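Engineer: Sequence:
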Amino acid sequence: MSKGLHLFSFGLLFALAAASAEAACTVPNQIVNGGVVDSAPVTADFNAIVTCLNQISPAGVANSVQLSNGSGGFSSVGPLTNGQLLIGSGGAPVAADLTAGTGIAIVNSPGGVTISTTGTLGGGGADWLNGAAVVKPTAANFTLQTSTIPPTGAAITATPRGMTLSATAVVNNTAMMAEMDAPAGHWQATMLGVYTGGISNFTLPSIAVRDVTNNRSVEFGISGREGGYRFDYFVRNGGIGFDSRVTDTELLDIGFPHPAQAIWQRLTYDGTNLIWSFSRDGEFFIPAFSIAAGSALINLNKLGPAIVFAANTAQPWPATFHVLSWNVISQ
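With mature numbering (1 follows the signal peptide of the UniProt record, and there is no 0) as the guide, the letters of the sequence shown map in order to residues -23 to -1, 1 to 308.
Careful: at least some of the hints might be erroneous.
Said to hold, decoys possible - Distance windows between CB atoms, simulated:
#1 82 x 224: 35 to 41 Å
#2 71 x 231: 50 to 56 Å
#3 229 x 92: 42 to 48 Å
#4 87 x 53: 16 to 22 Å
#5 71 x 294: 50 to 56 Å
#6 53 x 132: 16 to 22 Å
#7 79 x 51: 57 to 63 Å
#8 223 x 79: 34 to 40 Å
#9 204 x 146: 22 to 28 Å
#10 68 x 258: 43 to 49 Å
#11 3 x 46: 18 to 24 Å
#12 126 x 250: 28 to 34 Å
I should point out that these hints are in silico values taken from the structure, not numbers from a laboratory. As the structure is a prediction and not an experimental result, all values here were calculated from the model. Yeah, the Cβ is synthetic: ideal placement off N, Cα and C, and Gly gets one too.
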């Protein structure tokens, strides 16, 4: 037997040994002692071993999850990112993230998933602010916009409970807004916010909508009114839409929530009208004011919490609008 044939036979034996260590790989042609070795059956045996090893070897890249492919081999999913789980699909499992429902927060980390509630129940078991409905806002999802002359120290800041829209000192006839893109089509924005600061005269913590193209804005909320309070609807323009008041529509009713208390507010766009509603418990909303969207705005580009300081505010104190819940849905 030539040296080349010896090496060839040794390679075959090595491959057979490796295959038997991996699994029960079989070859179509048996080599027996004293038999004549021909290249065709040896090549067929090598090909069978290679095919077998490919079938039983791990699939995918490093750190993939291995699955049976139904043919004696493996398929793979992943690698999974932080917090991902394998979820049944009726077929091959898929990698997916958990989705938080209302009142739930999910935080993914390497090798872990933390699930927690975002609301806090009130004392005595009475949850007047409906903690289960709270959707904690993420400050990074909002952009600060102000009048040309801004309130002093205007800022958006993340808090453990949500985010604040704040100023270190009030400046008359100014405004600021934490805005995000408004959805296309019909939508509904629901907010739970509490304002701390001087409310007289006519300071308006609100939900605002801004027309970016035409530099106009509208604001809906409860403002101070001398020694009392009222619902206010503002239309403003100038600068990017906050500098000057165009119109001011008020409603008076003792049934409105006080502006220095936490207020659930909802603004709905039904394709024609902007409808402002309020609630004391975060569950039952009363539609209190409706106006044609086109009467003030051509485009409804931006949406978010806002504060308008009128031309005759009573106090130059700092002001903080703490937004505890913010949820926008398309309808």
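Engineer: Confirm or reject each hint.
Structural biologist: Hint-by-hint comparison with the structure:
1. 82 x 224: 35 to 41 Å: Roughly 40 Å apart at Cβ, these two residues keep to the hinted range, so it holds.
2. 71 x 231: 50 to 56 Å: holds (55 Å)
3. 229 x 92: 42 to 48 Å: Given about 45 Å between the Cβ atoms, the range holds.
4. 87 x 53: 16 to 22 Å: Holds - the Cβ-Cβ distance for residue 87 and residue 53, about 20 Å, lies within 16 to 22 Å.
5. 71 x 294: 50 to 56 Å: Cβ of residue 71 to Cβ of residue 294: about 54 Å, so the range 50 to 56 Å holds.
6. 53 x 132: 16 to 22 Å: Since residue 53 and residue 132 have Cβ atoms about 47 Å apart, the given range 16 to 22 Å is violated.
7. 79 x 51: 57 to 63 Å: violated (40 Å)
8. 223 x 79: 34 to 40 Å: holds (37 Å)
9. 204 x 146: 22 to 28 Å: Holds, since residue 204 and residue 146 (Cβ atoms, about 23 Å apart) stay within the stated range.
10. 68 x 258: 43 to 49 Å: For residue 258 against residue 68, whose Cβ atoms are near 44 Å apart, the range 43 to 49 Å holds.
11. 3 x 46: 18 to 24 Å: At 19 Å between Cβs, range holds.
12. 126 x 250: 28 to 34 Å: Hint holds: Cβ distance 32 Å, inside 28 to 34 Å.
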